[in-house]
Amino acid sequence: MVEDCAIPGCKTPSEDTHGFCTEHADEMFDQFLRHVEDVLGIASKVYFGRTHFPEQRLLQHFVDAQRDHLLVMHWTANWPEAKEFEEALISAFKEQSQYKRVENEALGSEGTYSGSWNALYISFALKYDSPWPPGGIDVKRLHRRNRIWPNPVIPNAPVLLWCGLTKEEAKSELDRFKEAADPARPRMGRAPKQRVRKARSSS
Numbered sequence: 001m002v003e004d005c006a007i008p009g010c011k012t013p014s015e016d017t018h019g020f021c022t023e024h025a026d027e028m029f030d031q032f033l034r035h036v037e038d039v040l041g042i043a044s045k046v047y048f049g050r051t052h053f054p055e056q057r058l059l060q061h062f063v064d065a066q067r068d069h070l071l072v073m074h075w076t077a078n079w080p081e082a083k084e085f086e087e088a089l090i091s092a093f094k095e096q097s098q099y100k101r102v103e104n105e106a107l108g109s110e111g112t113y114s115g116s117w118n119a120l121y122i123s124f125a126l127k128y129d130s131p132w133p134p135g136g137i138d139v140k141r142l143h144r145r146n147r148i149w150p151n152p153v154i155p156n157a158p159v160l161l162w163c164g165l166t167k168e169e170a171k172s173e174l175d176r177f178k179e180a181a182d183p184a185r186p187r188m189g190r191a192p193k194q195r196v197r198k199a200r201s202s203s
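Reading the sequence shown from the start, the letters are residues 1 to 203 in the numbering used here.
Source of the hints: derived by calculation from the structure; they are not laboratory data.
Idealized CB from N, CA, C, for every residue including glycine.
Any given hint might turn out to be false.
Unchecked claim - Okay, derived cross-link-like pairs now, EDC-like style, lysine to aspartate or glutamate, Cα gap no bigger than 16 Å in a straight line:
hint, residue 1, residue 2
1, Lys-94, Glu-37
2, Lys-94, Glu-105
3, Lys-45, Asp-64
4, Lys-127, Glu-37
5, Lys-11, Glu-23
6, Lys-171, Asp-64
7, Lys-140, Glu-173
8, Lys-83, Glu-15
9, Lys-167, Asp-138
10, Lys-140, Glu-168
11, Lys-45, Glu-173
12, Lys-140, Glu-105
13, Lys-45, Glu-105
14, Lys-167, Asp-64
15, Lys-45, Asp-138
16, Lys-100, Glu-37
17, Lys-127, Glu-103
18, Lys-140, Glu-103
19, Lys-127, Asp-38
To be verified - Restraint-style ranges between C-beta atoms, simulated for each label pair:
hint, residue 1, residue 2, range
20, Arg-176, Gly-135, 25 to 31 Å
21, Pro-8, Lys-100, 23 to 29 Å
22, Tyr-128, Cys-10, 41 to 47 Å
23, Ile-148, Lys-171, 20 to 26 Å
24, Thr-12, Thr-166, 46 to 52 Å
25, Pro-13, Gln-66, 40 to 46 Å
26, Arg-101, Pro-13, 36 to 42 Å
27, Gly-9, Glu-37, 36 to 42 Å
28, Ala-180, Cys-10, 40 to 46 Å
29, Thr-166, Glu-3, 44 to 50 Å
30, Ala-180, Ser-91, 36 to 42 Å
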């Protein structure tokens, strides 16, 4: 069954791979391009991706590649849509010589989908002399509930995340979060004290 375009009020049938008609898909992509152009004006290196947990991905990018900013551009529950937009963005910038700062090695993410919703994002580090972007959320601790949640509004307002931790602190927080999410993982520390039930005195 062909559904209508996801843009409110548009009755044009959507395309097979995503929830938008051709016209509105092009408009969405043009909006992503404008966000990317803005980021490239201040960034020394960038990376395109998709994730269900932007805060965790921010810290991982910082630890692995020193990219301490992440701009969420779009949320979608349609996995083919996330993949199509991601690959289109990489293709639009990767092959152009003036955009050698794009650090994606492949034309799409190699990771699997691990959540119902996925965010399309651009991860980046600032140029040495670039001004600090206004606003944004400083991510210092990871929590499953205290986080930005998928935004079904179309188009989405972009959300900027940044990491004010040191690399060592960010790695420690990632390890803590992964350990807390895996109850079977062995943990370091003292064994809990055994509670001894006192015998009742007879009277």
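Hint numbers not upheld by this structure, sorted from lowest to highest
The structure breaks hints 11, 12, 15, 18, 21, 27; every other hint is satisfied.
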